[in-house]
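Enquirer: With the sequences and hints as input, model every part of the structure.
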Amino acid sequence: MTRKRRRAQIRRRIIGAGAAVLCVLGIGFGIRQLTGIGQSGPVDIQADTTSVQWEGAPPINVELLTPNEWSRPQIALEQIQGIVIHYTANPGSTAQQNHDYFEGLKDSQSTKASSHFIIGLDGEVIQCIPSSEWSYASNDRNSDTLSIECCHPDESGQFNEATYQSMVELTGWLCHRFGLSSEDVIRHYDVTGKDCPKYFVEHEDAWVQFRQDVQEYADSL
Numbered sequence: 036m037t038r039k040r041r042r043a044q045i046r047r048r049i050i051g052a053g054a055a056v057l058c059v060l061g062i063g064f065g066i067r068q069l070t071g072i073g074q075s076g077p078v079d080i081q082a083d084t085t086s087v088q089w090e091g092a093p094p095i096n097v098e099l100l101t102p103n104e105w106s107r108p109q110i111a112l113e114q115i116q117g118i119v120i121h122y123t124a125n126p127g128s129t130a131q132q133n134h135d136y137f138e139g140l141k142d143s144q145s146t147k148a149s150s151h152f153i154i155g156l157d158g159e160v161i162q163c164i165p166s167s168e169w170s171y172a173s174n175d176r177n178s179d180t181l182s183i184e185c186c187h188p189d190e191s192g193q194f195n196e197a198t199y200q201s202m203v204e205l206t207g208w209l210c211h212r213f214g215l216s217s218e219d220v221i222r223h224y225d226v227t228g229k230d231c232p233k234y235f236v237e238h239e240d241a242w243v244q245f246r247q248d249v250q251e252y253a254d255s256l
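Quick note, my numbering runs 35 ahead of the 1-based positions in the sequence shown.
Everything labelled a hint here was simulated from the structure, so no lab data went into it. Misleading hints may appear alongside valid ones.
Unchecked claim - Label pairs and their computed distance ranges (CB to CB): (1) S191 with W89: 28 to 34 angstroms; (2) E104 with T227: 18 to 24 angstroms; (3) P188 with E113: 21 to 27 angstroms; (4) W89 with K141: 27 to 33 angstroms; (5) P188 with E218: 16 to 22 angstroms.
Each residue gets a CB set at the ideal place from its N, CA and C atoms; glycine is no exception.
Expert: Below, the structure is given as structure tokens:
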């Protein structure tokens, strides 16, 4: 092999090795972006795909609201100190319908409202707001909590089995992810005195059991 050919071969090897390093760095950066490794403070729980699955969480359909003043103001959520449970107060409505209502507020401008997550009647989960941003859900606790809006089949406000199971799994997983306990899981009622979530306000024993179920699930992760 001539000296000229050897030099060309060495150059190709160096270029190939450099490309491999860049590829690894790019993959590592992508992993950090998705999982929050190496970042401080709240990170985005979201992905570029429409459906994601993180270990321990129920499947999450990511349908982020269009940034707007009325339902997604993009105010930074600098710390997460709690999770607030809500009910829709709209019996029989689906997660998608509630998501679309929040999305439509940018046009109707009738009120300011949203939620980080919505859990539907079949246990489906839709994410509306990244976990690093405020939602308009919990009044003076918007600045340090994540919100979960939950669908219910009738006026009693009681959640069906599929919804309840996803509530436990999502809340427990969020507690595990952000270093919270079930003591940090509260009702909208605990913030404002509003009858929300209705069934958990009227049945304290069911609320106590829910928090126990959440803690057990978080501890299992």
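Enquirer: Indicate, hint by hint, whether the structure satisfies it.
Expert: Each hint tested on the structure:
1. S191 with W89: 28 to 34 angstroms: For W89 against S191, whose Cβ atoms are near 32 angstroms apart, the range 28 to 34 angstroms holds.
2. E104 with T227: 18 to 24 angstroms: Between E104 and T227, where Cβ atoms are some 22 angstroms apart, the hint holds.
3. P188 with E113: 21 to 27 angstroms: With a Cβ separation near 37 angstroms, P188 and E113 fall outside 21 to 27 angstroms, so the hint is violated.
4. W89 with K141: 27 to 33 angstroms: holds, 28 angstroms
5. P188 with E218: 16 to 22 angstroms: This hint is violated: roughly 29 angstroms between Cβ atoms.
Of the hints listed earlier, those the structure fails to meet are numbers 3 and 5, in rising order.
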